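Number of protein chains: 2
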Amino acid sequence: MKHLLAVSICLVSLSLGAVPPQQHQVGEKNPPPLPPLQGFLAGSAQTERQWEEKFRAIPNTDNLREYMKLMSARPHHVGSPYDKQNAEWMLSKFKEWGWDAHIENFDVLFPTPKERRLELLEPTRFVAKLEEPPIDIDPTSNQQAEQLPPYNAYSIDGDVSGPLVYVNYGTRDDYEQLARLDVSVKGAIVIVRYGGSWRGIKPKVAAEHGALGCIIYSDPADDGYANGEVYPRGAWRNKDAVQRGSVTDTYFAGDPLTPGWGSVPGARRLEIKDSPLITKIPVLPISYSDAQPLLASIQGQVVPEKWRGALPLTYHLGPGPGKVHLVVKSNWDTKRLYDVIAKLPGAEAAGQWVMRGNHHDAWVNGASDPLSGMVAVLEEARALGELHKQGWRPKRTIIYAAWDGEEPGLLGSTEFLETHMEELQQHAVAYINSDNNSRGFLRVSGSHSLERFLNGVAHDIEDPEKHISVWDRAHLLRIADATGAEVRDELRKRADWRIRALGDGSDYASFLDHAGIAAVDIRFSGEGGEGQYHSIYDDFYWYTHFSDTQFIYGRALAQTAGTAIMRLADADLLPFDFVGQADTIKTYVKELERLFKSQQDEIRERNLELQEGVFSAISDPQKPTQPPARMETPPVISFAPLQNSSDALQKAAQRYDAALKNFPAGGFKANAATLTTLNERLYKSERLFLSEKGLPGRPWFKHQIYAPGAYTGYAVKTIPAVREAIEQYKWTEAQEGVTTVSDILQKEAASVNEAAAQLEQLISAH
Amino acid sequence: MKHLLAVSICLVSLSLGAVPPQQHQVGEKNPPPLPPLQGFLAGSAQTERQWEEKFRAIPNTDNLREYMKLMSARPHHVGSPYDKQNAEWMLSKFKEWGWDAHIENFDVLFPTPKERRLELLEPTRFVAKLEEPPIDIDPTSNQQAEQLPPYNAYSIDGDVSGPLVYVNYGTRDDYEQLARLDVSVKGAIVIVRYGGSWRGIKPKVAAEHGALGCIIYSDPADDGYANGEVYPRGAWRNKDAVQRGSVTDTYFAGDPLTPGWGSVPGARRLEIKDSPLITKIPVLPISYSDAQPLLASIQGQVVPEKWRGALPLTYHLGPGPGKVHLVVKSNWDTKRLYDVIAKLPGAEAAGQWVMRGNHHDAWVNGASDPLSGMVAVLEEARALGELHKQGWRPKRTIIYAAWDGEEPGLLGSTEFLETHMEELQQHAVAYINSDNNSRGFLRVSGSHSLERFLNGVAHDIEDPEKHISVWDRAHLLRIADATGAEVRDELRKRADWRIRALGDGSDYASFLDHAGIAAVDIRFSGEGGEGQYHSIYDDFYWYTHFSDTQFIYGRALAQTAGTAIMRLADADLLPFDFVGQADTIKTYVKELERLFKSQQDEIRERNLELQEGVFSAISDPQKPTQPPARMETPPVISFAPLQNSSDALQKAAQRYDAALKNFPAGGFKANAATLTTLNERLYKSERLFLSEKGLPGRPWFKHQIYAPGAYTGYAVKTIPAVREAIEQYKWTEAQEGVTTVSDILQKEAASVNEAAAQLEQLISAH
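In the order they appear, the protein sequences are chains A and B. Note that the first sequence ends on residue 794 in our numbering; no numbers are left out. Note that the second sequence ends on residue 794 in our numbering; no numbers are left out.
Quick caveat, the hints were computed from the structure, so don't treat them as lab data. Heads up, a few of these hints could be off.
Since copy identity is lost for identical chains, a pair holds within one copy or between any two.
35 Å max Cα-Cα, derived DSBU-like pairs, lysine-lysine [what the hints assert, rightly or not]:
#1 351 - 301
#2 651 - 267
#3 214 - 121
#4 689 - 142
#5 521 - 625
#6 267 - 334
#7 157 - 334
#8 371 - 625
#9 775 - 423
#10 651 - 97
#11 730 - 614
#12 371 - 689
#13 121 - 357
#14 651 - 730
#15 689 - 357
#16 679 - 618
#17 618 - 521
#18 618 - 334
#19 267 - 351
#20 625 - 614
#21 651 - 494
In this text, all values refer to a predicted model and were calculated from it rather than measured experimentally.
Given the sequences, and given the hints that come with them, work out the whole structure.
Below, the structure written as structure tokens:
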């Protein structure tokens, strides 16, 4: 008997540990109507599922269309009357839907064009048009009086002349190659194509290399006829369409005059000349019809093959003989922002805030960017308001935001965050962002503690065209795109798909990078929706002809993000997961080791080739190239602290995960106060990734796992203190970064361990 | 004492085995003035070196320029008066330089244009120009009366109309992708760009897929302004320049009416309709200015990114709406070829022939193709004649050839070879080919039994611009171009650089592929020399402005090939090496195993993805794609016979190599008859690679190690009976190929063993 009893106990404890709750209930004769929900006690999971299903039935594509039509009817950039009008209209809607809403204002620096001139002086004369003409068939394209003309916000004022040099995408690598090709941009004006990096990086790197001015254009190879028929016949950028955009430097986000504090009316402000965000040289964006005569005027060496665009000419490097005169002057005015903030109060844990946002300002009419995402957010709010009327009461407080001033530099979200920093760090559970949305596949990026949770949500949303789950569709795309059997193997074995890390590019950045609030970005894309980025033609006519024309992916976005918000707001135990987080961090550590090794190997190889005479042997005397500079071989960097600390985090994560498996098993009623404390520890775990001193040279960026690259802008650099140091050959700084990040990982591990202990206690107390 | 003695003997035998002869002679107080020469006895090596140095001082760049100016003065295609005149002029020069020379004639099928018409019928009308206009500054570009207009020789006559489909390079992979994109070419006329495969493959594959006609054009991305300024401002193809060329199928080389036998006047001939070489559908080449309206008329899906060309339009797949009418008619005449054959008789082994050739016919004026190589060959002949006058007497007979009719299909060389097959197989030691030559790096391809020998030659030639050896320069380029540390490591450790295997594209093909005569192709390239391939602008003005303008690489080519010819003609023991050959063959065997594995893996993966629903999940309903067909997983193929036979060859090669190291050691006088027999075995070793039945489906191609691909044309397929079968999913044929090739490798191994035994005996007899 003793023996048999022992076996039976063992079986029970196994099933407690490993089997999902509903299967467990089979024995209790409650057939499982729905799959389990992480973090929900057995009873509440059923209720949650029912409310979520009601929720997902509400969003309506006609509403999405109507919101977009209304909000994109006129240009609504920062400071425009229609920007304010949209904010006020949204405020009234939130209120109508039962939300506690208000508008919060900030006063920010927002330069607008005063003078823009670009002319080719030699060898022929040509004056750039710098205009986007109206198109008859497109009813909002003729609102010139209200449109912001093509320009790059925060370009310094300037009046410069010089020979042209073509610098490809204008990345640091491009300039290295230029040096090898013996071309200097000193005293020249660079012409650079959009792509390859965030646009603000282009004038920054150009200025670092001695250029006097910077002209950015959209090459049809990247963004024009090479990709498809041009507007209005097709979706793609036509010869006159220009990409506007901000070109601030990457030191911090938000108002360039209030780094780290809120630009509330009357706040202290830097002088414009003292802001490190303003460019060092004047910058102007142009269309490819304006670029073509400039590019045709350049001679000198023919560009490397990968630098070729799709204009019908031979791309040369220069300098000159083409010489241009560039004038850029702005009205350096302060403009008022209108952030719309709406709340549904939490019934049980009102001090825990689940946040959601999208920006509402645009460069011009902005149907795709940002309204395609904004209208989904509004429809979510309407649906949640509807549920609330029907009696649903979220445990936690839900806050929806429609940010203003995202386009110039994440102004609305950053100034809000900086103003409310303390309370947000205390209360914010997570922030879910979206922005422009189109057709295709669900793309999720963000904090890896929410990876498992978001995978769970994605399983519950149906793709509107394929009628499989959006998880399945995204998973199968990953298999299709995978290179190599090893990658596919992992995709097939891993329960969750990996989510990408966040860099920069929308309003999540300040939440995550500056405040350590777990953040994710959710959108659908991959099947169209490109082609008019930041031009006047990104409007209702274009969107309803060439993007998510039926608004079914807009509805899917509302369903996905709304489900996530509800689940976060209602969970008994917040669905943070550290196993996926630790696993991801371990892949970063491996990447860093490989990166360092490859930098070492490259330097050694280059030095050997210099010694062998490779570079002089392959230099064509008719197109001479310069050998690269000799570098010292890097000293050894020890990655052991990172390996040890990520191991510690993994171990703690596994302990927490083991405890978690027992959490909902018995359907016990946990002590509410204890749960609240544990939940607070969970959502504050992301704060532990902050370092007070911030990243080397960028103190505003405090997160030590994720940051936009100092020289990529949009693209993320994970464990940036180490990665960027290695990339830039700063070996001492890299070793220091290892120490900083390892300490932080140890703290995170300790906290996760503590959370596991609390959870174990909770369960054993039951 | 006994112990010491043993050590001393051991040292001596080591030095006998491993140290080069001149170092060995140090002890004999003959300081080595020059490095060793493989295959030369100690005394003859010195003499050889002295004659070679004299030889290399003779070639003169002014002569090269004068020969080219004269021979390119008028169009000299097959059947033209100037083709004959050039042949007769060369004959007179060979004679003047002391050679025993004659002209050998063949009568071959050579169609020339009778009617060419191409018009766009819908949606707009456009008539293609099909002409290359004269350019004022270029004095030979106005010889319209004598020029062959742009056409593809051996296109079948036809008059067809149909919608256009764009098929990229028109390879089999491209059609597979088209099928996935749900586009068929049945009943359509394909428009295909030059590149990616030999041009004859394009109509072949198009016809296999049901197309009615084929238009081939030069896209500026591959061959036009994207690469550099266009002619006459720069070297590159301008909007009107057209690439002519033959489009025969790949069953055999030579006259399409005399497969396997010589087209001597009066020979038996197939009927034209029975020749498998004529295309199945009409084909016409056009310029990119003629192509642009046609491409602009195509709608339907936008092409995959890699299919985009550089014309300023959106490339679509079609079919239509653009519809064209294509008419191609030829005069199907027989034309006379003029091969110039010149001999310097061998003094000791007159029955062993060392051969050298280049073609002299062109599509039009042909300064680069073929005269840049032809004039170097002539200058070699003058220099060798000069040495002969000074008393130099080659051991072996040297035969120089200026081939006619290469452009239409290697006619002159193939008909010569087929006519003299028996005696060439008996007497030919090796054939060294060249063709167009430009600036840059020495490129050597060919039989790997000559790899070590040609590396030795390359060490002795100075690069005219860098003043390092052409070996060093080519070696350093390989390091610069290498991808990965492993490849660079091998490059640095291996004494010889690897030479490439030969496919098709010039007159070496019949020698190697049909007759098993060891062949190599030598040329300089990599720094210009492109841009006017097969257009009227490939002329003296173009060459002397944009290619090897000083003719210094022409001189280097004469020095390189002439040195190789002299060394082959004078060696006591022919410098064939089997270690490099076996090593190369073993790399091919490994490639085949990897290829099979990857085919297996791909099929398994594809089947799994079909089952998972990957293809339907990623198909955009607005741009639907078709899933690929399910395939059976391939059965296991045993590569053991290839592994064993290549091991056997390697072992035999090492044995021969060990014997070889002792060959010149003592400076012994070998028995001349024995050496002659051994030499004959050596040069006939390449014959052993032939199989009487030839390749599957291509019996004329008998070589089992090298062949042009049936679906690549130019590009080589090594061990083709196995490789092409695997590529085409013919598993049984692949296993049969393994058996055939393994048997052949065993025969080669046995012969090399026998050669080693003979050499060992020779040395021990000394």
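Hints, verified against the model:
Taking identical chains as interchangeable, the C-alpha atoms of residue 351 and residue 301 lie at most 35 Å apart only when both belong to the same chain, with a minimum of 29 Å there against 63 Å between chains. Taking the shortest alpha-carbon separations for residue 651 and residue 267, both the intra-copy value of 33 Å and the inter-copy value of 25 Å come in at or below 35 Å. For the identical chains of this complex, residue 214 and residue 121 are neighbours neither inside a copy (54 Å) nor across copies (58 Å), given an alpha-carbon limit of 35 Å. In this homomeric assembly, residue 689 and residue 142 never come within 35 Å of each other (Cα to Cα): the closest approach is 62 Å inside a single copy and 83 Å across copies.
In the homo-oligomer, the alpha carbons of residue 521 and residue 625 lie at most 35 Å apart both inside one protomer (29 Å) and across protomers (23 Å), since each shortest distance falls under that limit. For the identical chains of this complex, residue 267 and residue 334 are neighbours both inside a copy (22 Å) and across copies (22 Å), given an alpha-carbon limit of 35 Å. For the homomeric pair residue 157 and residue 334, the shortest alpha-carbon distances inside one copy (28 Å) and between copies (33 Å) are both at most 35 Å. For a Cα distance limit of 35 Å, the shortest separation of residue 371 from residue 625 qualifies neither inside one copy, at 50 Å, nor across copies, at 60 Å.
Taking identical chains as interchangeable, the C-alpha atoms of residue 775 and residue 423 lie at most 35 Å apart only when both belong to the same chain, with a minimum of 29 Å there against 84 Å between chains. In this assembly of identical chains, residue 651 and residue 97 lie within 35 Å of each other by CA distance solely across copies; the values are 27 Å between and 56 Å within a copy. With identical chains, the CA atoms of residue 730 and residue 614 are at most 35 Å apart within one copy only, with a shortest distance of 20 Å there and 56 Å across copies. Within a single copy, residue 371 and residue 689 get their C-alpha atoms as close as 33 Å, which meets the 35 Å cut-off; across copies the closest is 90 Å, which misses it.
Taking CA atoms no more than 35 Å apart as the test, residue 121 paired with residue 357 passes in neither setting, with 39 Å inside one copy and 74 Å between copies. Proximity of residue 651 to residue 730 under the C-alpha cut-off of 35 Å is found in neither arrangement, the shortest distances being 46 Å within a copy and 44 Å between copies. For the homomeric pair residue 689 and residue 357, neither the shortest alpha-carbon distance inside one copy (62 Å) nor that between copies (79 Å) is at most 35 Å. For the identical chains of this complex, residue 679 and residue 618 are intra-copy neighbours only, at 17 Å inside a copy versus 43 Å across copies, given an alpha-carbon limit of 35 Å.
Both within a single protomer and between protomers do residue 618 and residue 521 lie at most 35 Å apart by alpha-carbon distance, with minima of 20 Å and 31 Å respectively. In this assembly of identical chains, the alpha carbons of residue 618 and residue 334 lie at most 35 Å apart whether taken from the same copy (30 Å) or from different copies (33 Å). Taking the shortest Cα distances, residue 267 and residue 351 sit within 35 Å of each other both inside one copy (22 Å) and across copies (28 Å). With identical chains, the CA atoms of residue 625 and residue 614 are at most 35 Å apart both within one copy (17 Å) and between copies (32 Å).
For the identical chains of this complex, residue 651 and residue 494 are inter-copy neighbours only, at 14 Å across copies versus 54 Å inside a copy, given an alpha-carbon limit of 35 Å.
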